[in-house]
Amino acid sequence: MEDLISELEKDIEKIRELKPMVHHITNYVAMNDSANATIAIGASPIMSFAHGEIEDLVSIASSLLINIGTLDEYIIQAAMLALNVAKKNSVPILLDPVGSGATKLRTNAALAIINEGVDVVKGNHGEILSLLGKEGVVKGVDSKAKIDGEVVRDVAKKINSIVVATGKEDFITDGERVYVMYNGTDMLGKITASGCMLGSVIASFMAIQGNYLVAAIEGLACYNIAGELAAEKSEGSGTFKQKLIDELFNIDAKKVFDRLKLKRLL
Amino acid sequence: MEDLISELEKDIEKIRELKPMVHHITNYVAMNDSANATIAIGASPIMSFAHGEIEDLVSIASSLLINIGTLDEYIIQAAMLALNVAKKNSVPILLDPVGSGATKLRTNAALAIINEGVDVVKGNHGEILSLLGKEGVVKGVDSKAKIDGEVVRDVAKKINSIVVATGKEDFITDGERVYVMYNGTDMLGKITASGCMLGSVIASFMAIQGNYLVAAIEGLACYNIAGELAAEKSEGSGTFKQKLIDELFNIDAKKVFDRLKLKRLL
Amino acid sequence: MEDLISELEKDIEKIRELKPMVHHITNYVAMNDSANATIAIGASPIMSFAHGEIEDLVSIASSLLINIGTLDEYIIQAAMLALNVAKKNSVPILLDPVGSGATKLRTNAALAIINEGVDVVKGNHGEILSLLGKEGVVKGVDSKAKIDGEVVRDVAKKINSIVVATGKEDFITDGERVYVMYNGTDMLGKITASGCMLGSVIASFMAIQGNYLVAAIEGLACYNIAGELAAEKSEGSGTFKQKLIDELFNIDAKKVFDRLKLKRLL
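Chains as they are written, first to last, in the working numbering: chain Y, 4 to 269; chain D, 4 to 269; chain F, 4 to 269.
These aren't lab readings, by the way, just hints derived from the structure by calculation.
As the structure is a computational prediction, the values presented were derived from the model and not from experiment.
Any given hint might turn out to be false.
In silico DSBU-like pairs for lysine-lysine, Cα to Cα no more than 35 Å straight-line [unchecked claim]:
1. 266/Y <-> 236/Y
2. 258/F <-> 236/D
3. 91/D <-> 107/Y
4. 266/F <-> 171/D
5. 13/D <-> 236/D
6. 107/Y <-> 90/Y
7. 107/D <-> 90/F
8. 236/F <-> 266/F
9. 257/D <-> 171/Y
10. 236/Y <-> 258/D
11. 236/Y <-> 236/F
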């Protein structure tokens, strides 16, 4: 287990030294928060969906994040253009299928993007379930769906991608091994764009760590534990959000190792 | 008077237990803040104007908020689609006519939406005046217009909706009875999206309280008093915004009753 | 030197008394932060790019800010419409050429806007360099480019505008005199929309101070020094952002004069 996250100290340093560019095609609600989370962990966010510059930007990016939280036709086309450029330039791709399962538009958009090939899919339990063709119990963009390690592994196999399924417990799998992480705090569910910021943090690790399973675990661990630390210092969801960014800004490997609850499930 | 707000304790609990989905078609400036305010009071925000999913989402929402703060043709069409679906499914509708009176585009959009039939209209004094066909003195999206209880009642009668007119004093009317609330703080005018967040809080109460006059008063009272509490703990408009969300997150009926200054005017 | 900023006390008071309307055509990431920064310094922000109301709004605005941080065709057209209206009504114009040099789309958009005539251009070193036709070393929307007073003056001469070039050192020039300011903090580089908020603050001064070189220096000084004060009270980039808004809200001429490090370079 420990080897999975043994490079964390080095990888955090690497992000902060290289400040890799993480291209975001993301939703209007999360743009600002995701940019701040990306900077806080040490990377350089860029947010653009203008068709006329996707190629210029994505071809020099170190990773690409696609988040379908507020869709329209222009953004879907931008995502498809970006995917194409990323694949040609071997830029790793993370998909955050926000609300997949809640509407056909979103489920179809998520599946169409996955069909092009992505490296990591991060969603809540319901969103991940919806990718299996089963109806997730998705309420708004939140989720109450039950899930287990085997189901998550089935999704990963089906879509041929690493999968991070967040909820009360967070599952991470490459389609063979399945890990579960017990970190985090209920407060992460009390702010908008929480999952979107997690996506940004994982994409920041993917920009410098070639093993994307490791990158996913590193990003998830940093984010969850920053959340735990922030929750201890907050008086409500307003200050929690700012403290969460503070804690990401100040995160280090020692803080993570002191609190990490990760185990192999399958 | 007290009977109007006697259900507050129960209604706050109900929101936090049911987490009703409040569909927002709102402006880009306010999206993030409105989502956080909605979660803080206990409901589940969803922000989407994609034509392809409006029906799927609004048909299962518990209330619909339409805010015209940043308009374009696509968003106006989305609002019209959403209105239609809400009416078919008896989903209560709140309109926030941001900037109505400042430009013809906004005044016309507000009147067109009202023409379809809405349950609550919440705006500042100038915006509410503009709905009467009188020119509101609207400066940017803020307002300096003078208003009184009778005028607000005239607006409510004309547009056949409950009206909440915010300003130094807040008026609430169903077109017959007129109430005035003296709570709040100048600091609410020192942050952007303040009125938009109030709309989200009222729409959260409309999602679980079938008497929309009561819902409007409950939401306004919680928001104003959260503002008062936040102002006492803030050192400027930056921390005020976060504390406001904290106080919404921690609001309860006792805090509201301790401070509420509500009276019947007409 | 001191005469350049001798009107600061009066100008801050004037903004807070007149609350001039600053029309923004800006990017989705920065909208909320820029609105809050504008209110914090004392002005009234309006954010709209709807073609149908640009004329109504810009014709009564006291200044116009155009920021190309998230471009699409609709926004570019809105910017061109707004420029036109501003020129007809003698509304001063600030351009923030975010990412110019990073993509052809942005460089071309910046140059097209400049070609119409603007009063102040504010960008980071790389963005400003890109306006000279030299390739700026632009990474994402940040910049590592080296620059000096003469180059900035060349840009100002070429584009016939006051130029503010921000970075480790901030240069301000009207194409003849060149000033350098040594204020600010690294923390301003750790939050998104930092440069965008600076643009809003400068545009707020342009709304009430007819000497735009003075307005640029005043806005830059207030912003940098608010940043210094905020950094001393922050525990990370999350709280820094809120404290920055607090400090803008509480800024006064005395705080600025106590810390200002401004000198004439050329």
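Exercise. Going through the earlier hints one by one, which of them does the structure break, listed in rising order?
Worked result: 4
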